[in-house]
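Residue numbers (the numbering used here), protein chains in the order written: chain S, 1 to 459; chain Z, 1 to 404.
Since the hints were derived computationally from the structure, they do not count as laboratory data. Glycine included, C-beta positions come from ideal geometry on N, C-alpha and C. Be careful, since some hints might not be right.
[As the list claims (entries may be wrong)] Some, not all, of what chain Z presents toward chain S, calculated at C-beta under 8 Å:
id: 1; residue: S116
id: 2; residue: V186
id: 3; residue: S187
id: 4; residue: M209
id: 5; residue: A220
id: 6; residue: A266
id: 7; residue: Y272
id: 8; residue: A275
id: 9; residue: A276
id: 10; residue: D353
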Amino acid sequence: MSTERQTASTSKHWAPYAPGPDAPWNLRRVVYLHRRAGFAATWSELQRDLADGPKASIDRLLSGKARMEGVPSDFAAVSETLAQRADNPTRLKAWWVYRMLFGPDPLTERLVLMWHNHFATSAAKVGMAGQRQNQIFRESARAPFGELLKRIVHDPALLIWLDAPASHKGKPNENLARELMELFTLGLGHFTEKDVKAAARTLTGWTVEKGVFKDHMNLHDPGEKTLLGKTGPWKGDDMVRMLLEHPATAERLAFRICEIFLGDGAVDPTIVKSLATGLRERNLDVGWAVETVLRSETFFAEANLGNRILSPPEYVVGAVRALELFNPAPSTLILAEFIANLGQNLFYPANVFGWPGGRSWISSRSIVGRYNYAVALVGGADVGRGAAFDPWALARRHGQGKDLASVVAFHAELILGRVPDLSWRNRILDTLGAEAIATAATARQAVALVLASPEAQLA
Amino acid sequence: MFNRRDFLKSSTLVALAPTVPGFLTSVARAAPSQRDGRVLVVIELKGGNDGINTIVPYADPGYAKNRPSLCLPTAQLIKVNDHVGLHPALRGAARLLESQRLAIVQGVSYPNPSRSHDRSMSIWQTARLNPEKQDLGWLGSALDASDPPTDGSPGAVLSGIDAPPRALEGQRSRAATMSGFEDAYVSGSLNPRRAIAEPGTGSDLKAFMSRSFLDAYTSADRLKEVARAKDPGGVYPETQLGERLRLIAQLLKGGFHTRVFYAIQAGYDNHYGQAAIHAQLLGELGNSVGAFLDDLAVAKLAERVLVLCFSEFGRTVQENGSAGTDHGTAGPLLLAGPCVKAGLVGTTPSLEDLDPGQGELKQGELKVGIDFRQVYATVLEEWLELPSKTALAGDFKRLPLFQK
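Model the full structure from these sequences, guided by the hints.
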């Protein structure tokens, strides 16, 4: 991918980032990049990117080359084996966590999370069909949206989830019709209840037989329908084409992409519109939009740093990556359970709306839960690691850690990109107690406090 | 899994002095109620409850005509009067009705109802017909006008594992989420609350985080105290809703000064094969609410409690082709507790005299009878004794819901 693809139509709002006095390329921005476009980074990865500058760092993220450690040489084979052996949703979750934690391409796994939220389908109803859907998200994560949409609406999981197989000529139901327009493409306000009824008729015939998509002519209502202002004997694929051509779909996509990369209050309607225009000009090329956002001045603006709340997988997996807990690694089954307890039960969205995200990740349960996870992670046993984390060893390996205060500072830089301020650091040291001595146990307590601090939830 | 220490023996429990959370400012508030301790328990029936098969208008010719396979046989219904009967699974609700503890408000919705889950639920949660991102919840906003509990109890509690609902979101008032006593457990031997800065009074994200974090540890400590009481709880159905209501009862018996509780019962969005699941959900609902009120009655707390059950919309009058129903308009709202004026409120929506809705649709939907904000206004003013005008952005005509 190259910069020629950022043309004039979007350059006003999505001008590329260049380091400068208002937005220096510093450790904070490097940590920020890896938090937003991946699952955090190790100290060495951060230092490498700090030295190499934003262009090279983003190039690496886009091409799946950002991780320089903690990617097993047999990752692909192990992932394949885990996928094949996953015979229940619990193992499915663990497989996905394995990919997030050890895979070479964390940006793609973040996009899979985005698509899982966008086309939210629950294993409670579709069982293991969710695995194939997840793989489609991965394969088509950055393709032109039409490719992903067509694959997903012809995939059993979504059809079963939204009751398509039961929707026949003369006896349609509106579930898939409504959500296809409201959630997956146009958004509210761009279709009417009449369109829902016409769409329900249009989509009849799409069914699932022996776990495979079938388009049954004799179940399809072949009559004329007036859908989104156009009349004809529409079939499902006609509707998909109309939805892809409709300008509102680009807006919704632009919103989704901005939602995962930009933060609370940063998703300004003007910039979303501008990104939507660019998408429309490029056949809804999601990869282009992702790259444009990541390379932009808007993305790296000072006001945007630290205004987004980490979702449960980002918090849980990011902590493991940053602390380099690769060998022995925590149990992916246990990590998946923590992620669920913090509010995101992977493969089990409560409903087709997915997870609202943002401030809804923060509840009294999840706040205590994040602290309890941090304590478990550094302790080791409760995350299925044979060994406890040694903060002194990590700090010293990277040339720091002469005393407790400096261990706190090192981990703050690793996890937050900076020490928020001295009073933050002092509160942590005070919490350890006046008699705290510089043992591994005390340092672990300090790291748990850093990981679970309010500031560390904002990336 | 966890290697749990017995937190009940913890010696590091911080005894919180009158913990008025740091975010309070001196804003004029409504005087506390003389009849202290009135509580509202909201149960959200998530997905769109099929009101027509809940409060069944069996005498309406439109019922059997529109629902060839979903139509419930009249003989199986629990008759309320010559026009309506309860779904047979609502035995628990029937008991409440007989003991004068159930009011059924019929035909509830709002002008031009939306059939989008998200939008309609936002409307019910914010009491705004055009909800904007910054709009607060109707209950959060109402609670903002009163003093929060002074014993460290949260202003509102969501019982369950769900994210806190928008209805409870206020400027100052915030909800804790609790699914069980294990939520009170903070790992390790430190008190992480000490590491958190006191927030300012700002409304930005950082202040939100600090306040939320401090409140969370305060709630956990308060929950620990209740856990120590080891109340075994009453006899509840072994269902998720039963568990959630049991916890609320334990918190009330444990002396929580929380005024608003919330629980979500999901699963009502049945476009396909509705009959069995709907019966299961209604059975769970009726039996759990019955068990809850009985449990509270034994503890002599029932007079203080009002239960309100609502859904974001009803379902289509006509069943669809998949033995299910699609998104509709109006539906019933249930109020339960010894304080209610038992019986039916409002007129039963006709299944023949329908609202035609959008133009050439052959089939219309139920007409809206009562605006939900009227119920909210009545509950806020007459039960919780909180002003409703700001919370609901207007005045709404009250309904005769309570015994005098």
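Would you list, in rising numerical order, the hints stated earlier that this structure does not obey? Violated: hints 8, 9 and 10.
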